[in-house]
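Take the two lone chains, each set in its own frame, and fit them into one complex as the hints suggest.
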Amino acid sequence: MSFVGGSARLTRARWIAVMTMGLVVVGLLLVLAPLVGPGHDGRGVALMSPSALWGDGVDATIFWNVRLPRTLAAALVGAALAAAGCAFQAVLRNPLAEPFTLGVSSGASLAAVIAIRLGVASVLGTAGVGAAAVVGAVAAVALVWQLGRVGSSLPPATLILAGVTVSMFCSAAALVVQTTADFAEISRMLRWMMGGLEWTQLATVLRALPAVALGAAVLLWQGRDLNALAAGDEAAASVGVAVGRAQTLAFAAASLLVGTSIAIAGPVGFVGLIVPHALRAMVGPDHRVLVPMSLVGGAALVVVCDTVARMLGQLPVGVVTALAGGPFFLMLLVRGKRGSALWRGE
Amino acid sequence: MLALTAATFGYDARPVVRDVSVAVARGELVALIGPNGAGKTTVARLLAGLLAPASGTARVDGRDPRLIARRALARTLAYLPQRYELAFPFTALEVVMMGRYARQRGPGFDSAEDEAAAVAALARCDVATLAARRFDTLSGGERRRVLLAQALCQGADAIILDEPTAALDPAHALAVARALVEERTRGAAIVIVTHDLDLAGRFADRIVALADGAVVADGPAAAVLRAPAVAAAFGVTLHVGALADGAPFVVAR
Numbered sequence: 001m002s003f004v005g006g007s008a009r010l011t012r013a014r015w016i017a018v019m020t021m022g023l024v025v026v027g028l029l030l031v032l033a034p035l036v037g038p039g040h041d042g043r044g045v046a047l048m049s050p051s052a053l054w055g056d057g058v059d060a061t062i063f064w065n066v067r068l069p070r071t072l073a074a075a076l077v078g079a080a081l082a083a084a085g086c087a088f089q090a091v092l093r094n095p096l097a098e099p100f101t102l103g104v105s106s107g108a109s110l111a112a113v114i115a116i117r118l119g120v121a122s123v124l125g126t127a128g129v130g131a132a133a134v135v136g137a138v139a140a141v142a143l144v145w146q147l148g149r150v151g152s153s154l155p156p157a158t159l160i161l162a163g164v165t166v167s168m169f170c171s172a173a174a175l176v177v178q179t180t181a182d183f184a185e186i187s188r189m190l191r192w193m194m195g196g197l198e199w200t201q202l203a204t205v206l207r208a209l210p211a212v213a214l215g216a217a218v219l220l221w222q223g224r225d226l227n228a229l230a231a232g233d234e235a236a237a238s239v240g241v242a243v244g245r246a247q248t249l250a251f252a253a254a255s256l257l258v259g260t261s262i263a264i265a266g267p268v269g270f271v272g273l274i275v276p277h278a279l280r281a282m283v284g285p286d287h288r289v290l291v292p293m294s295l296v297g298g299a300a301l302v303v304v305c306d307t308v309a310r311m312l313g314q315l316p317v318g319v320v321t322a323l324a325g326g327p328f329f330l331m332l333l334v335r336g337k338r339g340s341a342l343w344r345g346e
Numbered sequence: 001m002l003a004l005t006a007a008t009f010g011y012d013a014r015p016v017v018r019d020v021s022v023a024v025a026r027g028e029l030v031a032l033i034g035p036n037g038a039g040k041t042t043v044a045r046l047l048a049g050l051l052a053p054a055s056g057t058a059r060v061d062g063r064d065p066r067l068i069a070r071r072a073l074a075r076t077l078a079y080l081p082q083r084y085e086l087a088f089p090f091t092a093l094e095v096v097m098m099g100r101y102a103r104q105r106g107p108g109f110d111s112a113e114d115e116a117a118a119v120a121a122l123a124r125c126d127v128a129t130l131a132a133r134r135f136d137t138l139s140g141g142e143r144r145r146v147l148l149a150q151a152l153c154q155g156a157d158a159i160i161l162d163e164p165t166a167a168l169d170p171a172h173a174l175a176v177a178r179a180l181v182e183e184r185t186r187g188a189a190i191v192i193v194t195h196d197l198d199l200a201g202r203f204a205d206r207i208v209a210l211a212d213g214a215v216v217a218d219g220p221a222a223a224v225l226r227a228p229a230v231a232a233a234f235g236v237t238l239h240v241g242a243l244a245d246g247a248p249f250v251v252a253r
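Chains as they are written, first to last, in the numbering used here: chain A, 1 to 346; chain B, 1 to 253.
Just chain B, same shape as in the assembly (with noise of 0.2 Å):
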């Protein structure tokens, strides 16, 4: 579903991304981890078709995702930027609302499925009760999870999330990897840019890593978070652990 292969990429000549391999099928959760400046968020760039590597390709439903046309790409792949800032004051309705754009024609009326769509992706990410609050008064998890709404109610086969967690206590961590989850077993393809190695470990089916814009392991989550390669790369010892259901924790030490 989607593909990047011996990708390369840097801003101002200064390599960001050296050649990163990275496939993720229909049916598959992917995380993507690595320190800070690892080239993670350019990865998920890469994949979304929002950058085109410099060498190397990068494929969504095995075509070049520069060439298919924003709108019908956007049917198909949804992408939440790690950023997001609006410079007028819409309610987190609108927003989400937003999220229906390749799905209306014309001028963009809303239809009552465009209203349905929206008002169920609140709920599902447990912000139906902030529908009418002007997005930029929100906290800060408050607006991740409008924004994964935005995603979700796309109604994309992939999705792409840089730090979907970011700020959300840890209650509503877990919820939004379990919408996740939800879309993955509907056989959507999710890949998610994360710090959050425990969540990773527990709902990944794969974990990429990367370091210095490489890829340095890339498997299933509870071995890549035991390879040396990933703890050296963040400069600590990771231990990993078990739960009663088996599921991973890391302690970093």
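One chain only, chain A, in its complex shape (with noise of 0.2 Å):
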């Protein structure tokens, strides 16, 4: 299905029926996802009392003060990887593109990790480390930006070998880091680099929402921009788009929603990847349509995957989506081997 394809355009009220039932299908999730979990005794799946919610009971607690704040975390994460991927993905015109390929996770992850060395986390607590890591992210992407430029274009290829080179970098450069850390950081670091949602708080939902409020308003307004340039540099400019500014500003909003989501979670692989590819080959390749149902399809998966972790004995939440999206994407790369809208040039 596509929706400018055929005789179908995309309408003000087309775009506002599908967001309305993506809305409603994360909300529905918001609520449930909390309501799920190991029993009192930690084994097997229990499911709340709504009623419970509202009194001064234990559930009441694990589901305000534990569950609530994480999926609600695990949603921001989701949407934020998701939709950043998706215009990392638009704007190098490759579908490879997602946060890992171009460094800006590992450059994220090095930030946190010198920040944790260096004891931030003992003065400002994980929200000193949380910055480091946006810090990281942007002075990642900014790097590779540089690198990979040719003049004034910024061909895919030569910008993916800068990403991965970076990325390697910096991974490596964080290990040489933990080599000087003592067990207590070492620890930190390994626990923040693997990623999870354990330990959200509200607060920290309430101070990432507007840095992924404004990185999602700035990519869902650029929709057609996002479009155009997926015909490259020339023919975007030739059709009226500012090729430079809408590149930057794109570059930026997505750098700001993957250093926000890896403050609040750390690395969490495969939803930057996985969700535009999975969405483009169902609703089409129309930004105005794909960044908005990846934002929703990355808060409804991570939600969906941290509920599974949290069910499993508390694994970090990217060892799930891992290996949940690994299989996955693997599928739909067979199936698109075998001719749907996936890939290019098959």
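What you were told as hints is all true, and nothing was included just to trick you.
Part of the chain B face toward chain A, derived, beta carbon under 7 Å:
(1) L50
(2) P81
(3) A87
(4) F88
(5) G99
(6) A102
(7) P107
Derived by calculation from the structure, the hints in this document are not laboratory data.
Glycine included, C-beta positions come from ideal geometry on N, C-alpha and C.
Set out below in structure tokens:
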């Protein structure tokens, strides 16, 4: 299905209908997911009774103070990573582009590890490490952007190569920093790099919300720009896109989203890659629909994965997204090779 | 409408265009011809404001195109690049609709007017039946026609097309030329970069011949095709004849 293919053009009413549907799904997940969890003995699956949420019992405390902030954080992280992946893929005209292949995640991780080593966590708490991660993400993008530039253009292959190189360098540098750390710091670093939402508080979610909202709003506004950029700089400019400004804006918004997401949950892999791919095969490549659907789809995926992670004994959510996302992505790849809308030039 | 004056441009200090002056008025169809590497595409890009001359000036409607916002420029000028590769599987209609970018506001929902313009442009280029097909599954000739439809539905007063008839069969090449003549009659300024000397001779009001980045001939089509400098630029002998209706044809030997 394509929203402007055939005779069905993308109107405001149609867009609002699609978005309402997506938001209802995410809304339901946000309400239901925190109700589900392991039983009080730590075994099996227990569903909380909604009536228990309004008392002073253990269930109410778990729901409001532990599971709800965590679920909201999962939704924010998923939405941010998927929309950022969608934007990176469009601007770079490369379906493999995502925060990991561009070195953004590694840059953020390196900055966080350095912050932990320098004792930022003990002075400013996890918010300080999170802020360092945002700075690291933006710095990595700026570096990759500069390295990948050829004159005034940004060839996708050069950029991906620069991204992979920066990513490897940052990962190696993070390991070097770890060798100089004491046991407690190493433990904190490893935990952070594994990613997770176990200790997320509502305050963290509220702090991250404006950044995610801003990044998402920019990308939602840029849907048509991203469509035109998919045909290359010259073709986009010839239909009226201010290419340099559009690319910079999309990169800045996507970096903000990734940095914020890493600040909340550490590096969570695969979401930025698989969500836009899967949705592109389902709703078509029009970014006016794909970006909002990625926000919704990413939120839904990470909320579900985090719920599963909670039930499997507090696994980091990144482990579940990778374990679930890998086979799913391979399935799409195999179907794509048989002629679906996933890949070009098969 | 479109003008280059004493324009010079080079990539990495290698001069590609030297002291080129070209002017195209409204209601005029000009063909840029020349051997491979003569600088035709660079001249087209300079005219479209996609490149800035190192020296000399470029003007669109009397203004420097580099100083006009791209969106405003796109309402005046459409440019069809030689290469067009989509990273994602858009349909032909979606590709044509991208031509409406400069006429949409905000997040850009499609109005009934946008869709009507796109459908009409698809029909004019004889690709209406391909509207729902994925662009990347079309043949080379079909893609060129879809892209021409995109340029037409931009509704611009100047259209610059880099090899619009490349990969087209003779019937479709003629149809494209006729569509361009219609646009010219409507008052648009048209520039085509082409290797099809017959088409240039028959439909262009003027031909500008380039060699080694410089203009070697500029004038009425038949006169330019007969100019010794043009034959020398191509390194062949050009025999120019005339059909019964007076239209020139060219045989290279």
